[in-house]
Amino acid sequence: MEEKRLAYSAHASDAIGERELAFTWIVRTIHKPEWILPDPRRPGVERRYRAIPEHGNRILRVVVMEKSDEIRIITAFFDRRARRP
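According to my numbering, the residues represented by the sequence shown are 1 to 85, in order.
FYI, nobody ran anything at the bench for these hints, they're computed from the structure.
Watch out, some of these pointers could steer you wrong.
[As the list claims (entries may be wrong)] Pair by pair, the computed Cβ-Cβ distance ranges are:
#, residue 1, residue 2, range
1, S68, E20, 29 to 39 Å
2, S68, R42, 12 to 22 Å
3, R42, R81, 14 to 24 Å
4, F77, A7, 16 to 26 Å
5, G17, D79, 11 to 21 Å
6, R5, R83, 23 to 33 Å
7, E70, P38, 15 to 25 Å
8, S68, S9, 11 to 21 Å
9, P85, R41, 14 to 24 Å
10, L6, R42, 12 to 22 Å
11, P43, E20, 27 to 37 Å
12, I36, R80, 12 to 22 Å
[Stated by the list, open to error] No more than 30 Å apart at the CA atoms, straight line, and that leaves these computed lysine-lysine pairs for DSSO-like:
#, residue 1, residue 2
13, K32, K4
14, K32, K67
15, K4, K67
Glycine included, C-beta positions come from ideal geometry on N, C-alpha and C.
Required output: the full structure, derived from the provided sequences and hints.
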């Protein structure tokens, strides 16, 4: 099965650069999250989480909207308050 195209919102592109997040961390979190939660305020939006060993095992949250042909990245950041369900 072919992987869906990743599309970055303008905010996500800016945030990833400003926060010095590696694209490999983003892709790993999107495709192999440790857990996923629905966004409580935006239907169809998911929060995908993964610990990043290269960054002290801090938890990366990548917020996405998955469509039939792409995964749109809305934002990404290290979430200090994230706890595994």
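Against the structure, the hints come out as follows:
Between S68 and E20, the C-beta spacing of about 32 Å keeps the proposed range 29 to 39 Å intact. Between S68 and R42 the beta carbons are some 18 Å apart, a value that agrees with the proposed interval 12 to 22 Å. Our hint of 14 to 24 Å for R42 and R81 holds, since their Cβ atoms are close to 18 Å apart. Checked against the hint of 16 to 26 Å, the pair F77 and A7 passes, with Cβ atoms roughly 18 Å apart.
The hint said 11 to 21 Å for the Cβ distance between G17 and D79, and at roughly 18 Å that hint holds. At about 31 Å, the beta-carbon gap between R5 and R83 stays in the expected band of 23 to 33 Å. A C-beta distance of roughly 19 Å is found between E70 and P38, which places it inside the suggested range of 15 to 25 Å. At about 18 Å, the CB distance of S68 to S9 agrees with the hint of 11 to 21 Å.
A hinted range of 14 to 24 Å for the beta carbons of P85 and R41 is consistent with their spacing of about 18 Å. Distance hint check: the CB atoms of L6 and R42 are about 19 Å apart, consistent with the given range 12 to 22 Å. Our hint of 27 to 37 Å for P43 and E20 holds, since their Cβ atoms are close to 31 Å apart. Checking the proposed 12 to 22 Å range against I36 and R80 shows it holds: the Cβ atoms sit about 19 Å from each other.
Annotation: proposed proximity of K32 to K4 holds, straight-line Cα distance about 14 Å (limit 30 Å). About 17 Å separates the Cα atoms of K32 and K67, which keeps this hinted pair within 30 Å; it holds. Proposed proximity of K4 and K67 is supported: the alpha carbons are some 9 Å apart, at most 30 Å.
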